[in-house]
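Asks: Listed below are the residues making up each chain.
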Amino acid sequence: MPHDHPHGPVVDPQRLAHYQDMATAVRELLVDKGILTKSQIETKIKEMEDRGPALGARMVARAWIDSDYKARLLTDGSAAAEELGIPVDGTKLIVLENTEEVHNLVVCTLCSCYPRNILGLPPDWYKKRPYRARAVKEPRAILKEFDTIIPNSTSVRVHDSTADMRYLVLPLRPEGTDGWAEEDLTKLVCRDSMIGVRTAKEPREHF
Amino acid sequence: MKPLYPIGARVTVSDRETTGHMRTPTYIRGKTGMIERRCGSFRNPETLAYGGNGMPEQPLYRVRFLQHDIWTNYLGPPQDTVDIEIYQHWLERTV
Numbered sequence: 058m059p060h061d062h063p064h065g066p067v068v069d070p071q072r073l074a075h076y077q078d079m080a081t082a083v084r085e086l087l088v089d090k091g092i093l094t095k096s097q098i099e100t101k102i103k104e105m106e107d108r109g110p111a112l113g114a115r116m117v118a119r120a121w122i123d124s125d126y127k128a129r130l131l132t133d134g135s136a137a138a139e140e141l142g143i144p145v146d147g148t149k150l151i152v153l154e155n156t157e158e159v160h161n162l163v164v165c166t167l168c169s170c171y172p173r174n175i176l177g178l179p180p181d182w183y184k185k186r187p188y189r190a191r192a193v194k195e196p197r198a199i200l201k202e203f204d205t206i207i208p209n210s211t212s213v214r215v216h217d218s219t220a221d222m223r224y225l226v227l228p229l230r231p232e233g234t235d236g237w238a239e240e241d242l243t244k245l246v247c248r249d250s251m252i253g254v255r256t257a258k259e260p261r262e263h264f
Numbered sequence: 648m649k650p651l652y653p654i655g656a657r658v659t660v661s662d663r664e665t666t667g668h669m670r671t672p673t674y675i676r677g678k679t680g681m682i683e684r685r686c687g688s689f690r691n692p693e694t695l696a697y698g699g700n701g702m703p704e705q706p707l708y709r710v711r712f713l714q715h716d717i718w719t720n721y722l723g724p725p726q727d728t729v730d731i732e733i734y735q736h737w738l739e740r741t742v
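Protein chains in written order, with my numbering: chain A, 58 to 264; chain B, 648 to 742.
Fair warning: there could be bad hints in the mix.
If you want the footprint, here are the derived chain A segments under chain B, 3+ residues with CB under 8 Å [to be verified]:
| hint | stretch |
| --- | --- |
| 1 | 170–180 |
| 2 | 214–225 |
Quick list of in silico lysine-lysine cross-link-like pairs, DSBU-like style, CA-CA up to 35 Å [claimed, not checked]:
| hint | chain 1 | residue 1 | chain 2 | residue 2 |
| --- | --- | --- | --- | --- |
| 3 | A | K149 | B | K678 |
| 4 | B | K678 | A | K101 |
| 5 | A | K101 | A | K184 |
| 6 | B | K678 | A | K185 |
| 7 | A | K103 | A | K184 |
If you're looking for bench data, these hints aren't it; they were derived computationally from the structure. Here a beta-carbon is modelled for each residue, glycine too, at the ideal position from N, C-alpha and C.
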């Protein structure tokens, strides 16, 4: 993430090595004790790696063209994801609608909670301390660094994902996309727009 | 545990000092906000993290705070907010 103050490494490499060792040890124990097999672990890792922002983009594009779906999405994000064949495995998903009055931004100040079922693995900057600390304290400065200028007449609403909910931002539909097919609309929905640090892409940026 | 707070109730986050696995960040302790929605009940992460069963389940709320009530030097406009999930045992009703 671009920002304008110098600082040292965010994670102590020695500490990271410790947790990597612990993770490996736990994995080996689970296999040795017959609780999980290696192939089960590999399958699960592949499943997680196969998930990515394209899933969230489908939900957003559908909401842009189908107001009934949008209503269901805002009422119960998890059910609306599963309706499109996107399993959420019990995740409680709250969808936050951007409007002219409110711009939503998602952070997890305590760790790196993220709607992995819908967006895949989080970007590195999302997990690092500068973003986590600054998003709740100076969200407009963060947004500016992502070239997102929110006028003072619009509220910036930060969502700190501290416990059992996960959050997905429903960005504003870009102007000039009337009559677009759903599949073309999905191409305007970038990952960062569903975290809230950017808006959806403008049509001219993509075509 | 029964949920005690309705949507719109003014609540203050307990300012207690703690160690260990808490899901209530320190920046929000002692601050007053408003219940935005109820999120259901979940096992308590503070005991769940240490091999306990997390029972009884704690009601979880999303609480909305004005940025200017959290940070004395917040630079944005007055209507900017932070919504954050807080378990009931961290909340106190504020009149």
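Asks: If a hint holds in the structure, say so; if it does not, say that too.
Replies: We went through each hint and held it up to the structure:
no. : hint             : in the structure
1   : 170–180          : violated (count 0)
2   : 214–225          : holds (count 9)
3   : A/K149 to B/K678 : 26 Å, holds
4   : B/K678 to A/K101 : 41 Å, violated
5   : A/K101 to A/K184 : 21 Å, holds
6   : B/K678 to A/K185 : 25 Å, holds
7   : A/K103 to A/K184 : 21 Å, holds
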